[in-house]
Amino acid sequence: MSRPAVEQKKGEWRPSGPWITARKVVQYLSLLAFAALFITASKTDWNGSLVNLPMRLDPLLMLANLLASRAFLAGSALALLVVVLSLVFGRAWCGWLCPMGTVLDLFSLRRERGKRAAPSENWRSVKYVLLLAILSAALLGNLTLLIFDPLTLLYRTLTTSILPPLDWVVSAFEKLLYPVPFLAGPIAAFDAWVRPLILPSEPVYYRTALLFAVLFLVVVALNLAAERFWCRYLCPLGGMLGIFSKLRLFRRQVSEACKGCTLCSNACPTGTIDSARGYASDPSECTMCLDCLEACPRSGIDFTPRISIAEFREYDPNRRQALLAFGAALAGVALFRSSALSKRESPHLLRPPGAREANPNVVELTNCIRCGECLRACPTSGLQSAVSEAGLQGFATPVLVPRLGYCDYSCNACGRVCPAGAIPALTLEEKRQTVIGKAYLIEQRCIAWSDHQPCVVCEEMCPLPEKAIWLEEIQVQAADGTTLNLQLPHVLRERCIGCGICEYKCPVNGEAAIRVYVPEAALPF
Amino acid sequence: MNKLTRREFLRSATAGISALVLQQLLAACGQEPPEATAGVGAAPTQAKSPTETMAEQDSTQPAPQASEQPPLESQATQTPVRSLPDLVVARGGEPEALVRQALAALGGMERFVPKGARVVVKPNICVAYHTYEYAATTNPWVVGALVKLALEAGAKSVQVFDYPFGGSPEEAYTRSGIAEQVTAAGGEMVVMPAFKYVTAKIPHGVDLKKTEAYQDALNTDVLIDVPIAKHHGSARLTLGMKNLMGLILNRSAIHRNLGQRIADLASLFRPSLTVVDAVRILMDNGPTGGDLNDVKKLDTVIASPDIVAADSYATRLFGLVPEDVAYIPAAAAMGLGRSDLNGLKIEEIAVGA
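Taken in order, these protein sequences are the chains called A and B. Per the working numbering, the very first residue in the first sequence carries number 30; after that it's consecutive. Per the working numbering, the very first residue in the second sequence carries number 109; after that it's consecutive.
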């Protein structure tokens, strides 16, 4: 606040020019495409393999999945496009295409950050250590650390923490304004137009809404410490592309014309232009944003093709760090495997249809890259991020929480959008016969059993052609001495597929009187 | 960041509060409050058809004097129409022909739909699981025929909606085949948005005194109820009155004392016309269905201005009597219509193949 006005103005100066305009257009288009694919993921008539395209372009996700599942995913070779891009243009993905990077540019917090000095260069190695830890853990069969992939991070946040609150705000305004007479028509028209386009037709709720919002806000708030803090120091995908960028063809060159005016080093969003090195930059850190190119008043910067390996820096991964990352991953995975959940899984670990069978380890959900596509596609928001059901080893994997939403008998969206083979793409007919759990009646809480009131909602809701609930007709004596005819529901376990609509619709307050449990406990006999 | 002075803060806070007050004011004075609209709903559902247009055009029946009539009499008794039957059963033909002939025998759709009326057709689209052959949802051509007839009678608009309990509305509308037929017939297939529900008092309700009901169904000029006749676990059968549950939000509240509460709902909505689709009926595993062995093809349509009579007749298709389905005697006791089939003038039509 007390800084001289001139200095503050200098801090706010940003280069501009046709290259920067072009980059921004590409960035916004890419973010828009990401958002559009996110929006359409709930439209069940869309092709799943198009909807999850961003995940399959991500070499970190695809490599980690390959290491963990030891099987090639259909379409995962698309990620090679980004690898090739990095070999040619370095981390242009980060500067031009990554939707998370664009979000961090939009919320760069430049003014709030002021002229705070960036953290030590050594911080840059964090992303490499994280990358190595992810790949080591993947080799050992666990993908939990993929929650730090920028695409999964953004997608999960959009799913659980941005779209539902947005829907709430829109709906609240509609409800508020609809009774105003001259607004009723426009509001109804607005809703009929916007809701099918963007918003869910029923409100969706996520247990992790707040958690993922905080995680996302922390990543954005780190911009206060340095511009694109996440991309410079933490992003494991950035680290991976950075390693490829050591070989990049087009490198930034500084010519004799440079007079050391510092405009380029001030403009560089990743802070890799080093005055001490003659304003040279690290090809692994440069996102090819071209800010420096446009900033230079003497045209002293050029990006020319050159075949060689860039020099290693002190923050680049070394053997010690690799061993550290592998050791940490080994210890972590060993701890996961010795946790109680590995001996006896949670009784509520209801996996999406077919996922139990498709993954070698059902608690860690081996193939799951934690992207949240299935959560987004689930029309009832019954699919939730696992928090306690699967422990840290299965954190952010999908789990059906029937009290929040049921598995719709007419839907197979989760399997269609899963980019990782964690949820198999079942036909609707196959999905209808896939057992995800088994329902059990809790007689003490049941209205019919316990209160002797007529209620067979569970039976009505059961979607099976031959219902998995049958009704026993009995006569009971009421408190006033009269006899009552009553129907008592019973579960026919061999028919039940565990879709959970009975638990969801059970009118008993609080915990339902009918609950779905894992299909067969893996008994440690 | 700009500093916010106290004055500015107070100014914007005042502006916000005034906007809210203005909204409340406008909402209150602009429309009749929704509760009031719904409160008188039971009586003047007859007057849903604007009386003046009715009087001008209709020579076959006396113009209904809605306001003078006792609120809870069945429409059949309220508007005694010379020589017209109380209930028509059409058998043995294509769905559209069944509906057209049944309505013709009832005096034509013009009797129920005045020119320029806003019409709501309420089918049963309870789940998104199966196509119409499974008899879990109303036959699409029966719904389509009603939309056509209403438009031919001069309706301004015909809206069709239901709120499925399993699967999304969009999915259910499509899979049932109803969306296609409604659109082809010139009607609108509408997804029911949450902001259109209002708390409606049920003045004649015996057990259920209020509920969150869909205003477009409450305020429409004409409501046509077009259920499919189906087996149902707790209610035994789901017919015209049970079908009205798709128009309210909190359905779990209905499940205690189901029979009486469904009758209470019927007193709130009072459809002008009930057309029971029995082209295919579901004999077991209802209301959701899914097994073709449970489906029986009857090629039958039952139509009546009296929802209780229509439901009563439909029980016969299952070898039951009206007393077997708790909401029928409950509604008859409330004076919503007649369940004594012997006292009704019933016309049976063989449409022929």
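Think of the hints as simulated: they come from the structure by calculation, not from any bench. Bear in mind that the values here come from a model prediction, so they are computed numbers and not experimental data. Worth double-checking, as some hints may not be accurate.
[Stated by the list, open to error] The calculated lysine-lysine pairs, modelled on DSS-like cross-linking and capped at a C-alpha distance of 30 Å, are:
1) A:Lys204 <-> B:Lys318
2) A:Lys288 <-> A:Lys275
3) A:Lys204 <-> B:Lys405
Notebook entry, point to check: Of the hints stated earlier, which fail here?
Noted result: 3
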